[in-house]
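Asks: Listed below, chain by chain, are the residues.
Number of protein chains: 2
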Amino acid sequence: MTVAGSTRYPSFIDDLARSESGRLLRAELGRRWPETPDRLDAIVRYALLPAGKMLRPMMTLHAAEAVGGSPRDVLAAALGTEYLHVATLVHDDIIDADTLRRGRPAVPVAYGIPGAIVAGDHLIFHAFQAIVEGGRAVPPASVVAAVTALAEAGQDLCRGQAMEERLVGDLDAGARWYPEMIRLKTGSLFRAVCHIGALLGGAEPRVSAALARYGEHVGTAFQIRDDLLSYLSTPEQTGKPATSDLNNGRPTLPLLLAYDAISDAARVELLAVLHRRGAGPGDVEWVTALLRDAGAVDGARRRMVEHAERARAELAVLTPSASADVLTGIAAWMTSEMA
Amino acid sequence: MTVAGSTRYPSFIDDLARSESGRLLRAELGRRWPETPDRLDAIVRYALLPAGKMLRPMMTLHAAEAVGGSPRDVLAAALGTEYLHVATLVHDDIIDADTLRRGRPAVPVAYGIPGAIVAGDHLIFHAFQAIVEGGRAVPPASVVAAVTALAEAGQDLCRGQAMEERLVGDLDAGARWYPEMIRLKTGSLFRAVCHIGALLGGAEPRVSAALARYGEHVGTAFQIRDDLLSYLSTPEQTGKPATSDLNNGRPTLPLLLAYDAISDAARVELLAVLHRRGAGPGDVEWVTALLRDAGAVDGARRRMVEHAERARAELAVLTPSASADVLTGIAAWMTSEMA
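These protein sequence lines are chains G and Y, in that order.
Letter 194 of the first sequence, counting from 1, is numbered 194 in the working numbering, and no numbers are missing.
Letter 276 of the second sequence, counting from 1, is numbered 276 in the working numbering, and no numbers are missing.
A portion of the hints provided could be inaccurate.
Unchecked claim - Quick partial rundown of chain Y residues pointing at chain G, CB under 8 angstroms, derived from the structure: (1) Pro-37; (2) Ile-94; (3) Ile-95; (4) Pro-140; (5) Thr-148; (6) Ala-151; (7) Cys-158; (8) Gln-161; (9) Leu-232; (10) Arg-302.
Said to hold, decoys possible - Per label pair, the in silico range of CB-to-CB distance: (11) Y/Arg-276 with G/Pro-37: 28 to 34 angstroms; (12) G/Ser-321 with Y/Leu-100: 37 to 43 angstroms; (13) G/Gly-103 with Y/Val-168: 40 to 46 angstroms; (14) G/Leu-100 with Y/Lys-53: 55 to 61 angstroms; (15) G/Pro-281 with Y/Pro-37: 36 to 42 angstroms; (16) G/Arg-267 with Y/Glu-165: 38 to 44 angstroms; (17) Y/Arg-23 with G/Ala-141: 44 to 50 angstroms; (18) G/Gly-103 with Y/Pro-37: 54 to 60 angstroms; (19) Y/Gly-103 with G/Asp-38: 33 to 39 angstroms; (20) Y/Ala-209 with G/Asp-38: 52 to 58 angstroms; (21) Y/Gly-280 with G/Pro-37: 49 to 55 angstroms; (22) G/Ala-141 with Y/Ser-70: 43 to 49 angstroms; (23) G/Leu-100 with Y/Arg-136: 56 to 62 angstroms; (24) Y/Arg-23 with G/Ser-321: 51 to 57 angstroms.
None of these hints come from the bench; they were simulated from the model.
Model, not experiment: these values are computed from the prediction.
Positions of the beta carbon are idealized from the N, C-alpha and C atoms, including for glycine.
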């Protein structure tokens with residue numbers, strides 16, 4: 001339901017992970033998931049730790065702080081967004097039969113499919129409880145709104161997952177459904193993450209709605225960024241498709257933009273390439289030329305920049321603060337560190 | 001995580017399903033899950049419909065009504081408890097590789113494991129949203145308490161599932177952990193179901209706590225009842241073990257009580273029988289005699305009655321009403337219609 005594990009996080013996000021907020025999140029995560037003899041706890045711990053960059057909980061914390069809330073008050077809720085994110089990764093690894101995650105055996109490989117199903121469910125339930133815990137400083141109505149935001153994001157993730165499965169290898173439908181698919185599978189959780197932070201930070205409705213929109217645009221840019229990384233992975237960054245995209249038939253934005261721009265004859269050929277999963281002689285070179293001639297990588301980059309800019313524009317509701325700067329920085333990072 | 005599909009529901013529960021509340025629940029469920037071309041919706045609909053007896057949502061409705069709430073106000077939340085229950089069944093059918101459910105192919109068989117994982121997750125998220133929807137008539141603090149109750153029950157279900165998996169074939173640990181295991185895997189959701197109904201029906205804390213305890217005792221009795229049904233399935237009701245209990249090594253209360261009561265030598269023999277899953281010549285007859293001599297079926301029945309009586313005692317907090325009578329009736333039905 002989420003971006004591939006191959007995503008590169010250049011320095012801005014590394015610095016953020018090493019910041020005071022990052023330390024706070026990691027310390028609290030460790031405190032909440034100590035070593036125990038319980039096997040279910042062990043599976044959850046394996047899924048959660050060592051923590052990644054925790055971009056989503058970081059955004060919850062800074063959204064709360066940017067509207068005047070205390071990061072410590074919303075810490076539990078911030079971790080709740082990570083629980084939901086990791087739950088989807090654990091269940092996705094069963095669905096996609098992925099064997100590696102962050103360079104280690106994926107949870108279903110390490111603990112079996114039954115263990116992975118139950119651990120994912122467990123994390124989802126923990127996520128909701130964490131939202132409630134993170135709402136002690138605000139009126140209960142705000143907590144209810146935050147629970148609703150998480151429940152809606154979860155439903156969207158499921159719909160996005162189901163939609164992506166349906167669209168694999170179907171570029172006609174892919175081009176039509178791409179914006180909705182990435183809104184569901186990536187935009188919705190980023191939206192919820194920021195919305196929850198704002199709600200539990202005590203924002204007024206106009207501000208929390210703006211932060212929700214900010215999150216959705218950031219998430220959308222993040223997904224397009226992930227799509228683009230496949231095409232920028234060579235030193236020369238020529239827009240050569242990573243073979244994995246051709247191998248799994250995933251409808252990435254550059255492929256879809258190229259598909260939209262070309263003749264019917266070229267579409268038939270592109271579908272044939274995807275059908276044989278890029279395994280034919282000259283397939284990769286042919287697609288590379290196609291993407292270049294169609295301007296598909298640049299087109300995707302333009303869309304990513306557009307979403308990042310719309311995200312930044314939403315932050316105009318905030319009064320200046322260090323956390324507002326971090327949120328601005330996240331939107332800027334999305335695009336500026338792409339070559 | 002839940003009682004087996006083989007549970008018999010004699011007339012009291014059949015009558016309840018045909019009551020006005022039952023019609024209300026079925027109508028609302030149908031209204032909320034219409035036919036659509038969406039595949040994910042289709043899987044969820046297949047899992048939910050046709051509805052079973054809906055004992056859990058029925059208890060939510062009557063708990064709400066018994067404390068002065070309106071069944072219509074809590075209807076969404078009542079269905080939410082069914083969503084959670086069905087989600088666990090769908091995921092359990094993957095975990096246990098069960099191929100049949102309610103006489104039809106189980107969801108993973110009908111739609112594949114990926115579809116079953118996503119549909120189960122989707123139902124969990126819907127459950128939380130439904131709790132929020134069912135709380136519009138009460139202060140937000142009560143909704144937050146109801147969300148917490150559902151999140152805790154979900155975590156308990158996962159722990160119960162993990163525990164049962166660990167205890168299969170291990171009667172030593174089984175005897176020690178049985179009460180905790182059935183509290184987690186069955187008691188906790190019944191507890192939440194009644195607690196949520198009371199909270200969203202507007203009960204004061206003393207009353208909602210009593211209804212939560214009522215639910216946990218009913219759920220515990222319900223699970224022991226399910227254990228017992230395996231031993232009362234012959235016309236003569238002689239306490240002959242259903243071969244399925246020996247086949248899957250599930251630690252049922254009669255087996256555990258027998259194990260507790262017998263000599264070390266007999267324990268070794270019983271473990272050997274379970275290890276070969278009751279497939280040896282004379283295994284079933286030997287276990288039958290063991291259970292009879294240990295008074296294990298009667299012992300389990302006594303515990304079931306004890307929980308049902310403790311459940312009824314908790315209802316003393318209620319003022320008399322038709323819904324209070326239904327709750328009393330459910331506790332009574334647990335035991336009275338067992339031969």
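Asks: In this structure, is the beta-carbon distance linking Y/Gly-103 and G/Asp-38 contained in 33 to 39 angstroms?
Replies: Because 36 angstroms falls inside the window, the suggested range holds.
Asks: Is the interface hint for Y/Pro-140 satisfied, with its Cβ closer than 8 angstroms to some Cβ of chain G?
Replies: 4 angstroms, holds
Asks: Taking 56 to 62 angstroms as the stated bounds, is the beta-carbon spacing between G/Leu-100 and Y/Arg-136 within them?
Replies: 46 angstroms, violated
Asks: Does the Cβ-Cβ separation between G/Gly-103 and Y/Val-168 fall within 40 to 46 angstroms?
Replies: 33 angstroms, violated
Asks: Return holds or violated for the Cβ distance of Y/Arg-23 and G/Ser-321 against the range 51 to 57 angstroms.
Replies: 55 angstroms, holds
Asks: Is the interface hint for Y/Cys-158 satisfied, with its Cβ closer than 8 angstroms to some Cβ of chain G?
Replies: Status holds, d = 4 angstroms.
Asks: G/Pro-281 and Y/Pro-37, beta-carbon distance inside 36 to 42 angstroms?
Replies: 40 angstroms, holds
Asks: In this structure, is the beta-carbon distance linking G/Gly-103 and Y/Pro-37 contained in 54 to 60 angstroms?
Replies: This hint is violated: roughly 40 angstroms between Cβ atoms.
Asks: A range of 28 to 34 angstroms was offered for this pair. Does it hold for the Cβ distance of Y/Arg-276 and G/Pro-37?
Replies: 30 angstroms, holds
Asks: Go through the hint on Y/Ile-95 and say holds or violated, using the shortest Cβ distance to chain G against 8 angstroms.
Replies: 4 angstroms, holds
Asks: Using the beta carbons of Y/Arg-23 and G/Ala-141, state whether their distance is inside 44 to 50 angstroms or not.
Replies: 33 angstroms, violated
Asks: Assuming the hint says 43 to 49 angstroms, is it satisfied by the Cβ distance from G/Ala-141 to Y/Ser-70 or not?
Replies: Taking Cβ atoms as reference, G/Ala-141 and Y/Ser-70 lie about 21 angstroms apart, which means the hint is violated.
Violated hints, in rising order: 1, 9, 10, 12, 13, 14, 16, 17, 18, 20, 21, 22, 23; the structure is consistent with all others.
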